[in-house]
Structure formats: structure tokens, C-alpha cells
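One line per chain: the protein sequences are Y and V, in this order. Going by our numbering, the first sequence runs without a break in its numbering and finishes at 186. Going by our numbering, the second sequence runs without a break in its numbering and finishes at 1354.
I should point out that these hints are in silico values taken from the structure, not numbers from a laboratory. Just so you know, even glycine gets a beta-carbon here, dropped at the ideal spot from N, CA and C. Some clues are possibly wrong.
With a straight-line cut-off of 27 Å between C-alpha atoms, the simulated BS3-like cross-links for lysine-lysine are [stated by the list, open to error]: (1) Y:Lys24 to V:Lys1231; (2) Y:Lys154 to Y:Lys63; (3) V:Lys1048 to Y:Lys71; (4) Y:Lys63 to Y:Lys44; (5) V:Lys1207 to V:Lys1119; (6) V:Lys1174 to V:Lys1048; (7) V:Lys1231 to V:Lys1118; (8) V:Lys1081 to V:Lys1118; (9) Y:Lys154 to Y:Lys8; (10) V:Lys1174 to V:Lys1081; (11) V:Lys1182 to V:Lys1118; (12) Y:Lys44 to Y:Lys71; (13) Y:Lys8 to Y:Lys24; (14) V:Lys1231 to Y:Lys23; (15) V:Lys1081 to V:Lys1071; (16) Y:Lys24 to V:Lys1236; (17) V:Lys1231 to Y:Lys63; (18) V:Lys1048 to Y:Lys63; (19) V:Lys1182 to V:Lys1048; (20) V:Lys1071 to V:Lys1119; (21) Y:Lys71 to V:Lys1174; (22) V:Lys1174 to Y:Lys63.
So the derived label-pair ranges between C-beta atoms look like this [claimed, not checked]: (23) Y:Asn166 to V:Glu1115: 49 to 59 Å; (24) V:Asp1124 to Y:Asn137: 10 to 20 Å; (25) Y:Thr108 to V:Asp1152: 20 to 30 Å; (26) V:Pro1257 to Y:Pro152: 41 to 51 Å; (27) Y:Thr16 to V:Gln1327: 34 to 44 Å; (28) Y:Asn166 to V:Ser1060: 30 to 40 Å; (29) V:Asp1272 to Y:Ser127: 43 to 53 Å; (30) Y:Lys23 to V:Ala1330: 40 to 50 Å.
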Amino acid sequence: MSEFYFSKLDVDVDRTLEPSWSKKVPRWYQLDDAAFAIAEWGSKLMTLDPELFFLFIRGASNKTDRQFVMKGTFSPQDFVHTLPSVRFGTLAELMGWSVPMICQCEETTPNGRAFLEGQSWARHGASRVLSVAMEPNGVAGFRFMTHAFSFPQKSLDNRFIAVNSNGNNFDLNAWVSGTAQTELMV
Amino acid sequence: MFLIQHQLQTSAGPDVTAFWNSLNSGISAIDEIQLSNWNPRAQVFWEKNWGPAPIAAQFSDSSSSHLLAFKKTIESFTPPKMDGRWGILFSSTKGITEDYVWDEESWNSYSPVLELLKKQLDGDLYESSTVSNACASAHAALHLARNWIEQDRVDHVWLVSGDLIGPFTMLGFKSLRALCSKSVQSYQSKRDGLSLGESIVSLVLSKDPSPLRFLHTGISNDGLSTTRPSKDCLIKTMPNVKNQNIGFVIGHGTGTPANDLAEIEALNDVFDNRIPFLTSTKWCVGHTLGASGAVDVVAAAEMMNTEKFFQIPIHSDPISGAESITQNPAHYQKALITSLGFGGTHASLILERV
Chain Y
1 MSEFYFSKLD
11 VDVDRTLEPS
21 WSKKVPRWYQ
31 LDDAAFAIAE
41 WGSKLMTLDP
51 ELFFLFIRGA
61 SNKTDRQFVM
71 KGTFSPQDFV
81 HTLPSVRFGT
91 LAELMGWSVP
101 MICQCEETTP
111 NGRAFLEGQS
121 WARHGASRVL
131 SVAMEPNGVA
141 GFRFMTHAFS
151 FPQKSLDNRF
161 IAVNSNGNNF
171 DLNAWVSGTA
181 QTELMV
Chain V
1001 MFLIQHQLQT
1011 SAGPDVTAFW
1021 NSLNSGISAI
1031 DEIQLSNWNP
1041 RAQVFWEKNW
1051 GPAPIAAQFS
1061 DSSSSHLLAF
1071 KKTIESFTPP
1081 KMDGRWGILF
1091 SSTKGITEDY
1101 VWDEESWNSY
1111 SPVLELLKKQ
1121 LDGDLYESST
1131 VSNACASAHA
1141 ALHLARNWIE
1151 QDRVDHVWLV
1161 SGDLIGPFTM
1171 LGFKSLRALC
1181 SKSVQSYQSK
1191 RDGLSLGESI
1201 VSLVLSKDPS
1211 PLRFLHTGIS
1221 NDGLSTTRPS
1231 KDCLIKTMPN
1241 VKNQNIGFVI
1251 GHGTGTPAND
1261 LAEIEALNDV
1271 FDNRIPFLTS
1281 TKWCVGHTLG
1291 ASGAVDVVAA
1301 AEMMNTEKFF
1311 QIPIHSDPIS
1321 GAESITQNPA
1331 HYQKALITSL
1341 GFGGTHASLI
1351 LERV
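In isolation and in its complexed conformation, chain Y is listed as follows (with noise of 0.2 Å):
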């Protein structure tokens, strides 16, 4: 039996072109970089539905912190970018979402941290857990690494991998460490 569906998904920052979802976010044009990422990829994974959701961030706000200070013009929507939970509520925006969430600014091992939260909760009676990595990609993106606990399978598409993390193909300690993610990584 597989405990969890995992997913992993690299998304461009490109905001010469109006997105797909800009009539659910309708000032999509103030989000900073990280908030349109996170946009882009609620729009791919349109059918889930969690009850309950985490977000490990790599990197905090950091990049929008500086941009605010170095624009000189301080504008309330860019202010409002600055703090790292705020992102969600451009997602749960676009998704209609209205769930507990909880932000953490995880350094080390943001993958790892998401996995070991997630599971604990749906072990403990949590349905429809999210809980999802977010870092920048060193490219010009974000990388999500979503990890998806009690969800019907039929919530979750091609995008997702089941993954058993009893079985013995399943090295935790890699998987914490980010070590084993190419392996297992669609």
C-alpha cells in the first residue's frame, strides 16, 4: 500500500504573458516572484482539495525583502510580499481554499521537514494533507516537492508518483537529506 503521492514540479517566473488563472487573481500583476510561482503551480494541480496544509519555504522572503528596501517607493502590495505566508493566500485565493495552514522557513532540509510533518498528521487522523517544499530553482523558478497524504487517487494526476515509504525501496534518511530525490522525482 503506498502512503504517499509525491510530486515534484519546476516552474518559470514569466510575466511577459497574462497566466492562465488571472481572472481568480485579479491584481496577479503586484504578486512578486514567488507568490506568481506558487500561482502557476496551484494551476497545474487544479483538483486537489486538501483540509490541511504546510509550506516549507527555502529562502523566506529574502529576494522581495531586498526589492521592497532597494524600489524605494514602498507600496503596500509589495510590503505585503514580504511576508512569506502570504504566498498561500495567493494560492488559496486561486483555489477557493479557505484551510489551516502553517508557514515554515526551513534552511536545511525543506523536503525532508515536509514529508516528516505530513506524514505525522495523516497518521494521526489528518485527511488530505498537502504538505509541499518550495525553494528557488537556481534558474529563474521555483521548485515545488509535494507531498500528498489521504487523498482518493483519483484526485491526483500524472504529475504525482505513489511512493511507499515502508517499503524497502524507501531510504528515509535520503529522502530528509534530498539525497534520494532524482531517484524517485517525476
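Dock chain V against the given chain Y, drawing on the hints supplied.
Just chain V, lined up with the frame of chain Y:
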């Protein structure tokens, strides 16, 4: 989950006694900002972009960086020696961003503080994390801590919640036109905004019994209220509160028009228009952002321990439905504490005297 110990530093002074005395005597610690508390780069940036100093609730002593301020305060905290598995949580809206944002050096806005906690703890560490849910960060961390304990991952959690002021946050809240002109008038008709404040709070939480227990923690986030609070989302965090026989409420009460209105509407909804005695701490120590929920837990604990209460100083008429700010607590057995944050975070908790 039980509250074993609470300690804090605020603008009112270095400990709980100073904080509690300030609340009880009606003395606000909000005053003109002392720029000398900031690093030189931040001072230059401030003078170029702002001008006259506004009011805020700052620590009375100064440190050359926010990390040093955290270090000094955290080293003054003394979590009790307890056998078992420990978790550590640091909750903060902006961490030590002010130490980095003025230059191009490498960044690490939160984890250096978490490392300070790890060094300070005398116990076996099993879990650690940094929670940043905007101004509801402390509530979110308490919700996480309660579940860590209930899931049997740890026996105790040391939660430190803290936020400090600098030009970055001041300019941000100024851009939102959220800062008050003279004083914080929570839940009153002539309120015109908040005053930022500084605080670092230590809460030791455990599965082991103590006289104070967290009966409930709840959090909900929606996408309809990035900067405007949502009455409905706050209501979702308070299931069955009406039947809990709440003795008093410590509200978020920032003093901004939108926050206070949404809170009063939500509280009237869940209490059938009979809100118990309602008070707030922000007139005294300012809005301490990610620490504010933990500051309010300390205030509630002191009310329960001393059976004394503090009211919000009245500057103008209470807004409709908020008349209980002039009343007294029905009892000191149970407190409801609410919190709201940008990005659509809404939260509540109930602290009970067992």
C-alpha cells in the same frame, strides 16, 4: 497541552512583572522611536526616507543588531530542566530581516535565532522549526506545538515568539497607512491605526499537567483577505466557543479600523451578541507582530494567576458591539485569545485554569 512557564521582555521592561504592572497601572510603553537602537545603515536609510520619528514600543536597552537583541533576551530565559523529548519552535513575522535587508550580504532571516534556542535548551531535542504565519505566527506555532505533543512526537515544547522593530517594518506599515497618529484605541470609534512594538516571549509547553491548559487551538487561512481581515474565517477557528463559558477575551485589537470591526463582528456572531469582557494589550506594548499572540497568552496567564484584570484605556466610544471593553471579567477560569494576520491567517485559542 499545558503551559508550564512563561517569560517575556517587552517595551514595558525586561520581565513579566514589568509587563503586568504596566498593564495594571494603565501606563503605555509606546513612545517616540529611539533611532540609536538601530544599526547605522538602518538609521541612514530611515532618515533619508521618513523624517521625524513616529511612535512605537521599543525595548529600553539597545543592541547593535536584532540577532544580538534576541541573543541577550534568550540567554535570560531559563526553561526548566525536564526529562523527556523536547521540541523547539521559533515564531516570528520577520525574524532578523532588519539585520540583512540593508546590504547585499548573505541572508538567513530566521534560523540563527533557532540555533540560539538549540544552544540554550538543556534537554533532548527531537523536533525544531520556525513558524512564520504573519501576525498570527504565535497562534500557528501553538497549534503546531499542541499537535506535536498530541502526536507523541515530543513531551515538551519550548516556544519563543519574537519580533523587533526597524525601518523595514516601519516603512511597510506606513505604506499601508496602518500606523496610528497618537495612541492605540482598540475597539473604539476614533481608532486610527496601530503602533508597532517589540517583544520576545518564552512559553514552555508540555504534556505534563500544570494549572494552565490549552483547551483549544484553531487556525484557518483564506485567500479573500490578504490585507483585510475576514469575519467568517475567524469564526471558523472558534467552533462551539459559545458553550465554553469563556470568562474573558483578549482580542487581537490592533486599533486599525478593519481589524477591530471584523473581530467584533466575529465575536458577536459566536457569542450571540454577548461578548464576555474584552480587552487587549496593544495599547500598552504595541503590536508585536508574530509575538503578539504569545504576549496575550502571558497576559491571560497573569490574569488567571492573580485574578486581576486590565482594561483598554478609553479615548472614545466603543464601537457598536464592543461595549464589553468597559465591563469586568465574568470569571478567570477560561480565556479566549484571537489573532489575525496578513495573507488571510486567522486564529484563536482557549486557555483554561484547571
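Hint by hint, here is what the structure shows:
For the proposed pair Y:Lys24 and V:Lys1231, the alpha carbon gap of about 22 Å is at most 27 Å, so the pair holds. Our distance criterion of 27 Å between C-alpha atoms is broken by Y:Lys154 and Y:Lys63, whose separation comes to about 37 Å. For the hint linking V:Lys1048 to Y:Lys71, the alpha-carbon distance of about 14 Å falls within 27 Å, and the restraint holds. For the hint pairing Y:Lys63 with Y:Lys44, the CA-to-CA distance comes to about 25 Å; that is within 27 Å, so the pair holds.
A C-alpha spacing of about 23 Å is found between V:Lys1207 and V:Lys1119, which places the hinted pair at or below 27 Å, so the restraint holds. In summary, the hint linking V:Lys1174 to V:Lys1048 is supported, as the alpha carbons are separated by about 15 Å, within the 27 Å threshold. Restraint check: the Cα-Cα separation between V:Lys1231 and V:Lys1118 comes to about 38 Å, which exceeds 27 Å; the hinted pair is violated. Restraint check: the Cα-Cα separation between V:Lys1081 and V:Lys1118 comes to about 14 Å, which is no more than 27 Å; the hinted pair holds.
With a C-alpha separation of about 19 Å, the suggested pairing of Y:Lys154 with Y:Lys8 holds against the 27 Å cut-off. Straight-line distance between C-alpha atoms of V:Lys1174 and V:Lys1081 comes to about 43 Å, which puts the hinted pair past the 27 Å bound. A hinted pair counts as satisfied when its Cα atoms are at most 27 Å apart, and V:Lys1182 with V:Lys1118 does not qualify at roughly 40 Å. Simply put, Y:Lys44 and Y:Lys71 have alpha-carbon atoms about 32 Å apart, too far for the 27 Å limit, and the pair is violated.
Taking the CA atoms of Y:Lys8 and Y:Lys24, the gap is about 24 Å. The hint holds against a cut of 27 Å. For the hint linking V:Lys1231 to Y:Lys23, the alpha-carbon distance of about 25 Å falls within 27 Å, and the restraint holds. Between V:Lys1081 and V:Lys1071 the CA atoms are separated by roughly 20 Å; this keeps the pair inside 27 Å, and the hint holds. The suggested pairing of Y:Lys24 with V:Lys1236 holds, with an alpha-carbon distance near 23 Å, which does not exceed 27 Å.
Of the pairs offered as hints, the one joining V:Lys1231 and Y:Lys63 is violated, with about 32 Å between alpha carbons and a cut-off of 27 Å exceeded. Proposed proximity of V:Lys1048 and Y:Lys63 is supported: the alpha carbons are some 22 Å apart, at most 27 Å. Annotation: proposed proximity of V:Lys1182 to V:Lys1048 holds, straight-line Cα distance about 23 Å (limit 27 Å). A C-alpha spacing of about 11 Å is found between V:Lys1071 and V:Lys1119, which places the hinted pair at or below 27 Å, so the restraint holds.
For the hint linking Y:Lys71 to V:Lys1174, the alpha-carbon distance of about 15 Å falls within 27 Å, and the restraint holds. Only pairs whose Cα atoms come within 27 Å are accepted, and V:Lys1174 paired with Y:Lys63 is accepted, the gap being roughly 21 Å. Checked against the hint of 49 to 59 Å, the C-beta distance between Y:Asn166 and V:Glu1115 comes to roughly 33 Å, which is inconsistent with it. A C-beta distance of roughly 36 Å is found between V:Asp1124 and Y:Asn137, which places it outside the suggested range of 10 to 20 Å.
Distance hint check for Y:Thr108 and V:Asp1152: the Cβ-Cβ separation is about 24 Å, which falls inside the suggested range of 20 to 30 Å. The hinted range of 41 to 51 Å is satisfied by V:Pro1257 and Y:Pro152, whose Cβ atoms lie roughly 44 Å apart. At roughly 58 Å, the beta-carbon separation of Y:Thr16 and V:Gln1327 lies outside the given 34 to 44 Å, and the hint is violated. As the Cβ distance of Y:Asn166 to V:Ser1060 is approximately 55 Å, the hint placing it in 30 to 40 Å is violated.
Remark: the range hint 43 to 53 Å for V:Asp1272 to Y:Ser127 is contradicted by a beta-carbon distance near 31 Å. A beta carbon spacing of about 49 Å between Y:Lys23 and V:Ala1330 agrees with the range 40 to 50 Å that was offered as a hint.
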